[in-house]
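Work out the full structure, taking the sequences as your base and the hints as a guide.
FYI, in this note's numbering the residues of the sequence shown are 856 to 1023.
A portion of the hints provided could be inaccurate.
For lysine to any residue, the following SDA-like pairs were computed, each having C-alpha atoms within a straight-line distance of at most 25 Å [as the list claims (entries may be wrong)]:
1. K928 with V981
2. K1009 with G971
3. K928 with I954
4. K928 with F959
5. K1009 with F995
6. K928 with H909
7. K928 with R900
8. K1009 with A955
9. K928 with I908
10. K928 with E897
11. K928 with I973
12. K1009 with A1020
13. K1009 with P976
14. K928 with G971
15. K1009 with P978
16. K928 with L970
17. K1009 with L1022
18. K928 with G910
19. K928 with V893
20. K928 with M953
21. K928 with R903
Hint data in this document are derived by calculation from the structure and do not stem from the laboratory.
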Amino acid sequence: MNPRTERLAAGLYLVAVPIGTARDITLRALDILASAEVLVAEDTRSLRHLMEIHGISLGDRPLWAYHDHNGGKMRPRIMAALAEGRSVAYASEAGTPMIADPGFDLVRSARDEGLGVIAAPGPSAVVTALTVAGLPTDRFLFEGFLPNSASQRKTALREIAGVQATLV
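What follows is the structure in structure tokens.
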């Protein structure tokens, strides 16, 4: 199966990528990765490898890293590409962008400038965990990563201990 390459409308495309199995990717995500004018990734090596597995050529398109350590420097560059009317695909290292991942400042900046933000949904560690846990799923709270410090972690756990929902 070859991804379709077609001109994408300008905007920031948030592309969900597999959590562990390369075949757990949507056809739409592959099409976006094959078509976007600029590719941005939390980990460029992971995205490049995923694209190779699926036969998607990077060609002469730029592939930029965007993560917690360089967001302040890279955000203006990405915003400039969006302002020029380019299609920009952003993928986290694994799973769905913005879920316990860097990038919310990028999305906020794009929205503040009135630029399109388009989600290409797919794998989610939260939903995957809920699916196999055998716990109630009608109400759940995703707390994200707990603090590394033991005292801060205990405080965080105390704060959510009374929540009447499945905690992830």
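Restraint check for K928 with I954, where alpha carbons must lie at most 25 Å apart = holds, 21 Å
Would you mind confirming whether the straight-line C-alpha gap from K928 to F959 stays at or under 25 Å?
-> holds, 15 Å
Given the proposed pairing of K928 with M953, does the C-alpha separation stay at or below 25 Å?
-> Roughly 18 Å between the alpha carbons, so the hint for K928 and M953 holds.
For the pair supplied as a hint, K1009 and P978, is the alpha-carbon distance within the 25 Å limit?
-> violated, 30 Å
Restraint status (C-alpha distance of K928 to G971 at most 25 Å) | Measuring from Cα to Cα gives roughly 21 Å; hence the hint holds.
Mind checking the alpha carbons of K1009 and A955 for me, to see if they're no more than 25 Å apart?
-> Roughly 20 Å between the alpha carbons, so the hint for K1009 and A955 holds.
Given the hint that K928 pairs with R900, does the C-alpha gap stay at or below 25 Å?
-> Measuring from Cα to Cα gives roughly 20 Å; hence the hint holds.
Within 25 Å, alpha carbon to alpha carbon, are K1009 and L1022?
-> Holds: K1009 and L1022 sit about 15 Å apart, inside 25 Å.
With a cut-off of 25 Å on the C-alpha distance, tell me whether K928 and R903 pass.
-> Distance ~22 Å between K928 and R903 Cα, so the pair holds.
25 Å limit on alpha-carbon distance, applied to hinted pair K928 and H909 = Roughly 30 Å separates the two Cα atoms, so the pair is violated.
Is the straight-line distance between the alpha-carbon of K928 and that of I973 25 Å or less?
-> Given pair K928, I973 holds - Cα atoms ~23 Å apart, limit 25 Å.
Decide if the proposed pair is consistent with the structure: K1009 and A1020, CA atoms, cutoff 25 Å inclusive.
-> holds, 19 Å
In summary, the structure is inconsistent with hints 1, 2, 6, 9, 13, 15, 18 from the numbered list given earlier, while agreeing with the others.
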